[in-house]
Each structure stands twice: as C-alpha cells, then as structure tokens.
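Engineer: Heads up: the protein sequence lines correspond to chains E and G, in order. Numbered per my numbering, the first sequence spans residues 1 to 233. Numbered per my numbering, the second sequence spans residues 1001 to 1233.
Calculated from the structure, these hints are not laboratory results. Don't be surprised by glycine CBs; every beta carbon is placed ideally from N, CA and C. Each hint should be verified, as a subset may be incorrect.
[Said to hold, decoys possible] Footprint (simulated), chain G over chain E, 3 or more residues, beta carbon under 8 Å:
(1) 37-44
(2) 48-57
(3) 64-75
(4) 100-112
(5) 153-167
2 protein chains.
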Amino acid sequence: MDDGGWRPVKRTRTFEDVLAQIERRITEDGLTAGDRLPAERQLAEQLGVSRSSVREAMRVLETLGVVSSQVGRGPDAGAVLTSRPDSALSDLLRLHLGLASLEMREVIDTRHMIEQWAAGHAASAQADTSALAAALSGMDAAKSAEEFVEHDTAFHCAIADASGNRLIAAIMRSLRDSMRRYSVEAVQRLGDTSILRADHVRILEAIERGEAGEAARAVSEHLAHAYPSLFGH
Amino acid sequence: MDDGGWRPVKRTRTFEDVLAQIERRITEDGLTAGDRLPAERQLAEQLGVSRSSVREAMRVLETLGVVSSQVGRGPDAGAVLTSRPDSALSDLLRLHLGLASLEMREVIDTRHMIEQWAAGHAASAQADTSALAAALSGMDAAKSAEEFVEHDTAFHCAIADASGNRLIAAIMRSLRDSMRRYSVEAVQRLGDTSILRADHVRILEAIERGEAGEAARAVSEHLAHAYPSLFGH
DNA sequence: ACCACAGTATGGTCAGACCATACCGAACCA
DNA sequence: TGGTTCGGTATGGTCTGACCATACTGTGGT
C-alpha cells in the first residue's frame, strides 16, 4: 500500500515539452511580437517529435494569444509571435460563463472595480479624451441598442486604455466582450438612455478636469444606473 | 481590382468548427463541470472530421481551463468538463510577460487594485479569516524567502477568496503566480520581514472588525512597503 | 470472497500523404 | 526594358491508419 512517497512521476506530454522549449527560446533569445518561429516541420525535426505534437503546442500558443499562424509563403507566412491577450481572455470568460462556473454578477463587480480604478487613473494622468468624445457622439447617433452598446463599450474601453495599464485594458475589453449580449438587454430594458448620457458626460468632464475622486464616483453611479437590479442595496 | 465588397470569406479551420460545436453543446445541453464529453474518436465520427482536428480543439479547451483529459478507461477517463481558469490565466500572463508585451509594473498595479477591492469586500462581508491566520503562522515559520512568499501568496489569495468573487480570486491567483520569482527577489532585497508581518496583522484585524476602509488602506500601505521602488511618488 | 489475467476503451504519439494557399522566380512575350 | 504568365515550392490545414501506455472491466480460477 505504501509507495514510499514516490509516484510524483506526472507524465509530461510531448506537446508540453514542445511548449516549454518554445517558451525557453522566447525568453532566452528575447523574442518579441513580430518575430517568426520556425516552420512546423522544421521545429518537429529539430525537437525530434512529430508534427502533430508541434501543432498541438501551436494551438495552445495561439489560444493564449501569443502566436498567429498564416499559411502560404513569404515573410508573413508561418507562425509569428503576436500579442493578443484580449481574445484569449474573452474566450476564457465566455466559456466559463457558459459552464456556469462564473456568474454575471461576478463579471459586473469586476468591471465595477476596474472602471473605478481606470477612471481615477485616467483623470490623474490627464489622459487624452478624444476617443471618449468620439464614442460619445457614436452613442448619440446610434439607432439600435446593439449600436449603442457598441459605442458604449468603446467609451468604457477608452477609459481603460487611458489609464495606461495594458493588462487592465485587456481585462476590461474581454469583460465587455463577454457581457455584450447582457448589456444589450440591459439597455433595451432601460429604454431611455438619457441618464446614461448624462453619466458619460460627467465622467468625461471629470477626467478632463483631472478630478480622480469625482471620476471614480461618477463611474460608480453610472453602473448603478445601468444595472439597477444588481445594485439594489 | 474591385472585388465588389466581397472577400469576407475568412476561412474557418476545422478545429474551430469543432470548438463551436462543443461550445454549442455545452450551452444548449447545459453541461457543467464534472460532465463528460464524448471520446475523441467518437466525436470525430459524429462531426465527420479527423481525430487530429478534434484533438486540436481539445487542446484549446484544455488551455482555457474548460476540459481536462484523462487516459485509461472508466468513469474518470476521457475529456471531462472542469473549471480551472487559474492556470489558463497564469499561462497567459507568464507568456505575455516573457514577450515583453506586459510589464511587471502593470501586473503589480493590477494586483494593487484587486487587493484593495478584495480586502474591502472581505471586511464588509465579515468573511471567515481562519485561512488568513493559518497563512500568517506559515510565514512566521518560513525558513527561506521562497517559503515566505509561498505563505504570503496564500494570505493574499485568501483575501481574494474571502471577497466572494471567484473571477477576482482567479485573477489574483494568476497574478501572484506569474510574479512569484519577482516577489522572492523583493523579499530577499528587503531582508527584514517584520514590517510586512505588522502589515498583515493590521489587514487581518481590519477584516475581522469589518472595517472596509481601514482594510483597503492597510493593503495599500503594505504594498508600498513590499515594493518601495514602485511607489516612489 | 478473493485474486490473477485477458480484454478493451481511452488519450498520446507517430509517419506519411494530400490539399489550398501564396510567394518566388524564371521563362516568355511586348 | 518591362510586364506577364506560369510552374516551383514552402507554408499551414487536414486526413488516415497505425501503434503505444494506461487504467478500468469482466471473467475465470482458487
């Protein structure tokens, strides 16, 4: 019955080895976005594994938003290192929401946290607000809830961008992405978007004036207006 | 030269079709963590594709922390739906940090934001603090910087858990995971950890007394102590 | 009741083939 | 000289079929 404390063997699959090798080359050679990886067949031969294993590793890297594969021939073909964490995060959130291992409430609370933080930092940094203003006009011109949400998303993502933190901006984009349908329903339920517009103007002006506290407060109240059912207390 | 506005062909790869089918079955059949997917060969036959394509789809799902594959036979074998967003997020952060498409500063700022939020909510919720206390004793007994960081991570993740938001807790865990090496170096540079201990006690007591504002403040000052070089302003 | 062993379903891996794509370059005109 | 056409080729995408290691299942013997 006693295995003597052994048994930590934890078999490691071939494609995981390939992954580790590629990651090692990335960090050791200092590769960055734009650099090309060897072709699949070449990599398979170099590492002494089959092309299938290399392909599975590529699929993982692609899922994580680290490489992008192009067919054909030439400088742009093959596996190129990229930097797209957004879609990876979106897929992750969407699937886990579908699995019911996350609830919308948790997503919205997270968004609340991020937006307050981002608005405050955007204000302190006196960030450029032209993207915010553009999104605002887009909302004014919107002819459907879908279109409105589209520009609303742009507005809030622009705040995250303006905070200067790319990780937070990426999380923000994927949060919005995974709750798009929910947002559209919320806008339709709401009917009148004039309150939201006033909120947006208040947020924009607070950021422009560099008033971090007011910007955070404005964001908080805005979310309470947009999702009244979740902020009943 | 004019293609008449066409060209939206966007070839879709077979494994992406498989992914869509599986995701559809998850949402339509209401599958959740613990349920089993059909075997690879079976799935390939059902969908009329090769096993390779099914496997690539599986690899994506596994990367996103949605399925876990076990070899062998029996009820536990095969592809089982799981809910492990943590490792997926960790891999994502680690690789993008390696690609220099994210900077440590951004990770730590994000952590700062999350910890303040989580500490405040844990305090308001009068959450159970036994895990926090356990981690605290672990730090006291630690004999190396690595061991100290191990329990320190447990302490801070326990705060995130206590906030009750699984998404935020998952993000917290992956943040800590991806910056483990950095944290160890920071502790070694610091040498004396008594200041950190005092901070931890202050955080713990604030949460126990339900003082959200004090908990958030304590977390903020704690991070300034732990990473003085990043909070010089 | 227990145990040993063959059977079998599972994922993991490999080799080799073929396809579509898209660039490269040489041969071919104008 | 200049452009065009067309075959060559490197790339990822897909499929087939095979074999392996693993771990349960059931059967038969003790």
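Engineer: All hints are to be evaluated individually against the structure, with a verdict given for each.
Structural biologist: The hints, checked one at a time:
Interface restraint, the stretch 37-44 of chain E with chain G: violated (0 residues with C-beta to C-beta distance below 8 Å; minimum three). Residue count for the stretch 48-57 of chain E with a Cβ under 8 Å from a Cβ of chain G: 3. That meets the three needed, and the coverage hint holds. Under a criterion of three residues with beta carbons nearer than 8 Å to beta carbons of chain G, the stated coverage of the stretch 64-75 of chain E is upheld, 3 such residues being counted. Counting residues of the stretch 100-112 of chain E whose C-beta sits closer than 8 Å to any C-beta of chain G gives 7, which meets the bar of three, so the coverage hint holds.
Counting residues of the stretch 153-167 of chain E whose C-beta sits closer than 8 Å to any C-beta of chain G gives 3, which meets the bar of three, so the coverage hint holds.
Violated hint: 1 only; the structure is consistent with all others.
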